[in-house]
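Read top to bottom, the protein sequences are chains A and B.
Each residue of the first sequence is one higher than the one before, counting from 1 in the working numbering.
Each residue of the second sequence is one higher than the one before, counting from 297 in the working numbering.
It should be emphasised that the hints constitute simulated quantities derived from the structure, not laboratory data.
Worth double-checking, as some hints may not be accurate.
Covered stretches of chain B (in silico footprint by chain A; criterion: 3 or more residues with CB under 8 Å from a CB of chain A, positions within the stretch not fixed) [said to hold, decoys possible]:
id	segment
1	317-330
2	333-345
3	375-389
4	418-424
5	449-462
6	594-600
Here are the simulated SDA-like pairs of lysine to any residue, each with C-alpha atoms no more than 20 Å apart in a straight line [said to hold, decoys possible]:
id	chain 1	residue 1	chain 2	residue 2
7	B	LYS511	B	TYR602
8	A	LYS97	B	TYR420
9	A	LYS195	B	TYR602
10	B	LYS458	B	LYS511
Just so we're clear, the structure is a prediction, and the values are computed from it rather than from any experiment.
Cβ atoms here follow ideal geometry from the backbone N, Cα and C, with glycine treated the same way.
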Amino acid sequence: MDMLLQTVLQGALLGGLYCLFALGLSLMYGVMRLTNTAQGDFILLGSFTAIAVIAGLKILAPENMWLPLLLSPLLLIVAFGFGYVLQRQVLNKVLGKDPLPSLVVTFGLSIVIQNLLLEVFSADPRSIESAGLNTASLQIPGGITLGVLPVLILFLAITTTFGLQWMFNHTALGRGFRAVSDDLEIAQLMGLNAKRLYAYATGIAFMLITMAGVLQGMRTTVSPSDGPMLLLFAFEAVIIGGMGSFWGTLAGALLLGMTQQIGFRFDPGWGIWFGHIVFLLLLLVRPQGLFPKTVG
Amino acid sequence: MHTLKVSRSNAASRPALIVALLLVTVAASIPIWAPEEVRSAWMREFVEIACYLVFALMWNLLAGYGGMVSIGQQAYFGFGGYVMLMLSNFLGVNPFLSVLLAALCTAAMSIPVSFVAFRLQGGYFAVGTWVIAEVFRLSFANLAFVGGGSGTSLTAFAGISKATREQTTFWLALACMVFSIALVYIFLRSKRGLALMAIRDNEVAAESQGIAVQKTKLAVYVVASLGAGLAGGLYYLSNLRITPDAAFSVNWTAFAIFMVVIGGIGRIEGPIVGALIFWILNKFFSDYGSWYLIGLGSLAIVITIYFKQGLWGYAQQQWGWSLFPTQRRLKESTKGKS
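Isolated chain A (complex conformation) (with noise of 0.2 Å):
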């Protein structure tokens, strides 16, 4: 029983990761129907951008340990201002509705930010150091032990669900989100300028990429070739929650993270593969997800 317990805990704290990198998936897919395949390849671009200014800081200050602490709010208004480029230059000229431009353009760049991450940085697999963070646990009733990393990501995960669903639902920025999702021709009508709410959209989905990107660092190893695989499990989470919902992309995330936990403990070959197979059964269930919003 505590075995089981202790599994599901362990699944829960892992799911509390993949909701960060689904996220972002959702929010740009809600927004703009735009499916970002290289979204694995950004968060690990997230990761090594702060390896890289670490290790700089690390020459240029190496006496004061919190200065990369006190820079990461720095690091996220790069990522917007990235992501709303990113959007304003290059994504919103294959928008439409064929898919195939927006696809091509987006696994084109998964392309190139792999590759080049592994020019610069090597395939050495890599981490972010926290200060004896990442091996730090605490003890709950029952004999059960957590880390505190993980607990700590789990509660970002929340918070960053709780503070989206509420953006979504009460501000103007929500309501044009909304607006241009669920008709774009009305919305324009109505004086929207959905290119620049698009790149809003963009902007803020990076912010959400770059700390998944930094968290994922911290708590294990990152690697130039794992992007496919973090896009696949952000893609499994979003599906099996509905799309458009983000307490529900939550929801997948953790049932994710909890079906895998369960594969590994039957056989670490079959944890990966038993999560995508339980995704697709579900699929074919329920293939509107588990708390579906809007329509596909």
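Chain A is already provided as a structure; the job is to place chain B on it using the hints.
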């Protein structure tokens, strides 16, 4: 008296057919006229191009004509390779025959897979097929009798001389290439093909005209999977060694997308031109490794944004070139009955 006549060929398509037949004859006789010291290398290279071409042709059929953009066709490429190898190694089937049987098995496999894949549309269909391909890869990587993660070799050729093996593989590759082009061409010129293009242009309108949309899409998916399985079986017949990571690599689909986008999507000539360009680029630049792939990726992005129709699409627009006319044109004829 004016009557309207449906024209299905053009001035270029007939001479083109003759030139194509000539080229095939020249290629088929390579084992006879090629200098001995390069013969084997030429044949091996040809088999490789043929595999890329067949695979890209089928991806073009699926995405360019069927509107189903998949990033998971490597599932069928690898499956074709593995089935060919298992039939030959374990059941003692002649390896050349195994290639054809493996393609049929792949087509059969694609039917149950389509039940899952067709639950998703557009961009999500693309990523969903990628998940399915990963399931194929992980499944074969965990099967001990085909060598698990480190793969296995085709041993059924023991006892057949190297020259015979290479020549037969070469002719089989040529035959598969011609067969695939003909299959796609005939499919697109048929009633089903016309229905397919109608679906691509407007699914709702097509359905309202009585076209069985789901059935037609399934037919395309099965044909495209058959072709991918054929390419995979052929590739590993020549390569002799298979590993799950290479056979189910997403790079196969990435290269197919590149070829189709460069050549021009939604036309049969597109992947042919694309495969030739890809072969040339591969020959000169593949030593650059990551930088080569960065170049290919960037080129695909730039072409998609600024040069949507691709090279052959440009030629078609500019000079009206069309070697494989699939469209029906109305022409006025004044000769009375025709």
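Point to revise | Per-stretch coverage check for the segment 333-345 of chain B, three Cβ contacts closer than 8 Å to chain A | key: Coverage by chain A is violated for the segment 333-345 of chain B (0 residues, Cβ < 8 Å).
Query - 8 Å C-beta test of the segment 375-389 of chain B against chain A, three or more residues - result: Not satisfied, violated; 0 residues make the cut.
task = Check, residue by residue, whether the segment 449-462 of chain B contains three or more positions whose beta-carbon lies closer than 8 Å to a beta-carbon of chain A, and give the verdict.
result = violated (count 0)
Restraint check for LYS511 (chain B) with TYR602 (chain B), where alpha carbons must lie at most 20 Å apart
Violated - the C-alpha atoms of TYR602 (chain B) and LYS511 (chain B) are around 35 Å apart, more than 20 Å.
(message) Using a Cβ cutoff of 8 Å, are there at least 3 residues of the segment 418-424 of chain B near chain A, or does the coverage claim fail?
(response) holds (count 6)
Are the Cα atoms of LYS458 (chain B) and LYS511 (chain B) separated by 20 Å or less?
Outside the cut-off at roughly 44 Å; violated.
Exercise for review: Would you check the hint for LYS195 (chain A) and TYR602 (chain B), treating anything up to 20 Å between C-alpha atoms as holding?
Suggested key: OK: LYS195 (chain A) and TYR602 (chain B) at ~19 Å, within 20 Å.
Q | Stated coverage of the segment 594-600 of chain B by chain A [criterion: 3+ residues, CB within 8 Å] | A | It holds: at least three residues are needed, and the segment 594-600 of chain B offers 4 whose Cβ sits within less than 8 Å of chain A.
- prompt: LYS97 (chain A) and TYR420 (chain B): Cα distance at most 20 Å?
  reply: holds (14 Å)
Practice problem: Check, residue by residue, whether the segment 317-330 of chain B contains three or more positions whose beta-carbon lies closer than 8 Å to a beta-carbon of chain A, and give the verdict. | Solution: violated (count 0)
In this structure, the hints that do not hold are numbers 1, 2, 3, 5, 7, 10, in rising order.
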